[in-house]
Structures are given as structure tokens and as C-alpha cells.
Amino acid sequence: MSLSVASEIRDRFLELGVDLAEEEIQKRFQRLTVEFKVPEDEARRSVINYFLRENELERGQYYAGSSDNLVSIGDIKEEGQWVSLKVKVVQLWEASHESIRQTGLVGDGTGTIKFTMFEGHSDRRFEGDAAELEQTPDQIVLEEGRSYMIRSAVTGVWQGRYQLNFNRATTIEEIEEDIIVENPTAEFTGVIVDIQIGSGLIKRCPECNRALSKGSCNEHGRVEGVYDLRIKAVIDDGETTQDVIVNRELTEDLCGITLEEAKDMATEALDHGIVTDAIRRKILARYYTITGRKLDRYILADRIEPMKSSNDAVERLLSQASE
Numbered sequence: 193m194s195l196s197v198a199s200e201i202r203d204r205f206l207e208l209g210v211d212l213a214e215e216e217i218q219k220r221f222q223r224l225t226v227e228f229k230v231p232e233d234e235a236r237r238s239v240i241n242y243f244l245r246e247n248e249l250e251r252g253q254y255y256a257g258s259s260d261n262l263v264s265i266g267d268i269k270e271e272g273q274w275v276s277l278k279v280k281v282v283q284l285w286e287a288s289h290e291s292i293r294q295t296g297l298v299g300d301g302t303g304t305i306k307f308t309m310f311e312g313h314s315d316r317r318f319e320g321d322a323a324e325l326e327q328t329p330d331q332i333v334l335e336e337g338r339s340y341m342i343r344s345a346v347t348g349v350w351q352g353r354y355q356l357n358f359n360r361a362t363t364i365e366e367i368e369e370d371i372i373v374e375n376p377t378a379e380f381t382g383v384i385v386d387i388q389i390g391s392g393l394i395k396r397c398p399e400c401n402r403a404l405s406k407g408s409c410n411e412h413g414r415v416e417g418v419y420d421l422r423i424k425a426v427i428d429d430g431e432t433t434q435d436v437i438v439n440r441e442l443t444e445d446l447c448g449i450t451l452e453e454a455k456d457m458a459t460e461a462l463d464h465g466i467v468t469d470a471i472r473r474k475i476l477a478r479y480y481t482i483t484g485r486k487l488d489r490y491i492l493a494d495r496i497e498p499m500k501s502s503n504d505a506v507e508r509l510l511s512q513a514s515e
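Going by the numbering used here, the first residue of the sequence shown is number 193, and it counts up by one from there.
A few of these clues could be false.
Only pairs whose alpha carbons sit at most 30 Å apart, straight line, appear in this in silico DSS-like list of lysine-lysine [claimed, not checked]:
| # | residue 1 | residue 2 |
| --- | --- | --- |
| 1 | K406 | K395 |
| 2 | K406 | K424 |
| 3 | K395 | K455 |
| 4 | K269 | K486 |
| 5 | K474 | K278 |
| 6 | K229 | K278 |
| 7 | K474 | K395 |
| 8 | K486 | K474 |
| 9 | K455 | K424 |
| 10 | K424 | K486 |
| 11 | K395 | K269 |
| 12 | K395 | K424 |
Calculated from the structure, these hints are not laboratory results. From a predicted model like this one, the values you see are computed outputs, not experimental measurements.
Start from the sequences and build out the full structure, keeping to the hints where you can.
Right, dumping it as C-alpha cells:
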């Protein structure tokens, strides 16, 4: 914890009528991060909660002063802020680690931002100060397309982009208001250089529409999935690459394979991979202009057209992409 953050905590307690020693704040934080190897965000919350209990203050009193005023996603310009905002869940992604309960994108009228809700930590792993670590609220499951009031989320940075972290201090309430999400349109022209895992014939959860992994949904367990077609591709313009997701309708038009035909192919071959191979043969190393909504690192394709340009331009692009 930097001295500026320790000072920030001290200043907030002063507003609540409690004068803390900045050195004591720093000491407790360093013990958690150095001795117990606790991540900084968790250690910060632990320090705050310790002094709240010591001074018989409620958690809501501390966070109310810093996060009651609603902000927009476009207003988030700094990490380590406590914010409240109204958002709609745009996408839910498969968690990349067992410590993550849910992750995905939320949005409002000013843009979208990644969120991460972590699983709770067992207090039994630690003693003393480390046992004060916060846990994520139980029984909270966000759903795509639903709108929520989020209070006391923490802003962070991951891979150079802002994100929201939800912890036990965060309260989440579903609201009736339909939050309109601003999704900027993007256009990208280049060569398709990779067809990623998760392309072709897949199954989705009938409850939440998430892609299944080995027949299971992260939220609903083992389910009878619903077949779908999609493409997850990487397109290269010679200078940068762009991840693209193509839905069933566009996949059918682009590759000339319907969902029913794809199911028949997989059944006959006893292998879903045959569909992915067919897609790869149709579009890999070909040039397209892709237009769609930009969500985080993806373009969700609304339109795909073969690249219209001179042979010289195509050769130049191919040369750049292969370097």
C-alpha cells in the first residue's frame, strides 16, 4: 500500500470522526502483503474492515461517502476507486480460474467494462490479520441481458484496461430499468489467420446460453445442451490483429454449411472437429472486411464481406501479415 493510499484511508476515517495513525495502517497492510502474500486489493479491504470493527463502525458508513454517487463507465479513469453504477450484463465468459465465480462485460450508455466476481476466501487459511479478508457475497448470479445496481465495486486495471472487481462490500440488486448499452461499431479489414478453439459446432446451456465445456455449464452444471454454430477467428491487417466472433447466421452464409448439415457431418464422422476443419478450409487465409459491435477485445460481427481491393493491395497485406 502506498503512503498515498494509507493517507486516503486515514482521511476517510477522519471524516467519520476517527483519527488513525497512518503508520499503523501501513504496518498492518505490509504484514498481510509481505508475510501472508495477500493480494493488495484484498489486504486493503482487510485493513479497512479491521479499523471499522475496532471503532464500532458499519461497513456501509465507510463506503457510503465514497461510492454513493452514481458514476458512468466512461467516468472510470483511475484504479482503486470505490464506485456505484447502473449497468446491464452484456456478456458472461467462462471463468479462467477456480477463484473466479463470474466474469464478463457490463455496459451502460457510455461504454462497456470487464467485471470479475471472485469466489470467497476461507478464513481458515490465515490467522490474525489475514483472517479478516473479505468474501464475495453468496447467492449472487448475474444473468446476460439483465440490469443491475452495483454499489461499492472497486476499479482495477488488467492488461492495461480498467475493470470492476466485486467483493463482499459490493451490493448487487437487479433493477427493472432497462439500461441502454452503447456499443461502438468497428470495421476491420484483413486476412483470417487463425480459427480458434470453440469454433464450429458447439452446445449452449438452455438456461443461460453460455457455451458448454465438456457438457457442463459453469453456472448450471451438467445440462442437455442446445446445438449452435459459431466462429472465433483472428484477423490480421498486417499491423495489428483483432479477435472476431461470428454468430450462427453469418457462419452459415459465410461457409455454406447450415446447422443441420453440421450436425449431420459430426454424427456421420463421430467427430465435431470435422465441422471446424470445414470452416477452416472455407475461410482461413482469405480476406474480409468485418463490421460489428466492439466489446472488449472482440468484434461481434454483424456483416462480413470479401475484401474488395486491387491485387497489389492483397499481396501487400499478405506480405505484411506473414512477416
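Open item on the list: What's the verdict on K395 and K455, does the C-alpha distance respect the 30 Å limit or exceed it?
Closed with: holds, 11 Å
Task: Given hint K486 paired with K424 - CA-CA distance at most 30 Å - done: The given pair, whose Cα atoms are some 14 Å apart, holds under the 30 Å limit.
Open item on the list: What's the verdict on K229 and K278, does the C-alpha distance respect the 30 Å limit or exceed it?
Closed with: Between K229 and K278 the Cα gap is close to 34 Å, so the pair fails against 30 Å, i.e. violated.
TODO: Could you grab the alpha-carbon distance between K474 and K395 and see if it respects the 30 Å cut-off?
DONE: Within the cut-off at roughly 22 Å; holds.
Open item on the list: Can you confirm whether the C-alpha distance between K395 and K269 stays at or below 30 Å?
Closed with: With a Cα-Cα distance of about 38 Å, the restraint between K395 and K269 is violated, given a limit of 30 Å.
Open item on the list: What's the verdict on K486 and K474, does the C-alpha distance respect the 30 Å limit or exceed it?
Closed with: holds, 25 Å
TODO: Quickly compare the C-alpha distance for K474 and K278 to 30 Å and report which way the hint goes.
DONE: Distance of about 43 Å is beyond 30 Å: violated.
Open item on the list: With the threshold set at 30 Å, check whether the alpha-carbon distance from K406 to K424 stays at or below it.
Closed with: Holds. K406 to K424 sits at ~18 Å (cutoff 30 Å).
Open item on the list: Given the hinted pair K406 and K395, is their Cα-Cα distance within 30 Å?
Closed with: holds, 9 Å
Open item on the list: Would the hint linking K269 and K486 be met if the CA-CA limit is 30 Å?
Closed with: At roughly 20 Å apart (the allowed maximum being 30 Å), K486 and K269 satisfy the hint.
Open item on the list: Can you confirm whether the C-alpha distance between K455 and K424 stays at or below 30 Å?
Closed with: The given pair, whose Cα atoms are some 18 Å apart, holds under the 30 Å limit.
Task: Restraint status (C-alpha distance of K395 to K424 at most 30 Å) - done: Holds, at roughly 14 Å.
Checked against the numbered hints above, the structure violates hints 5, 6, 11; every other hint is satisfied.
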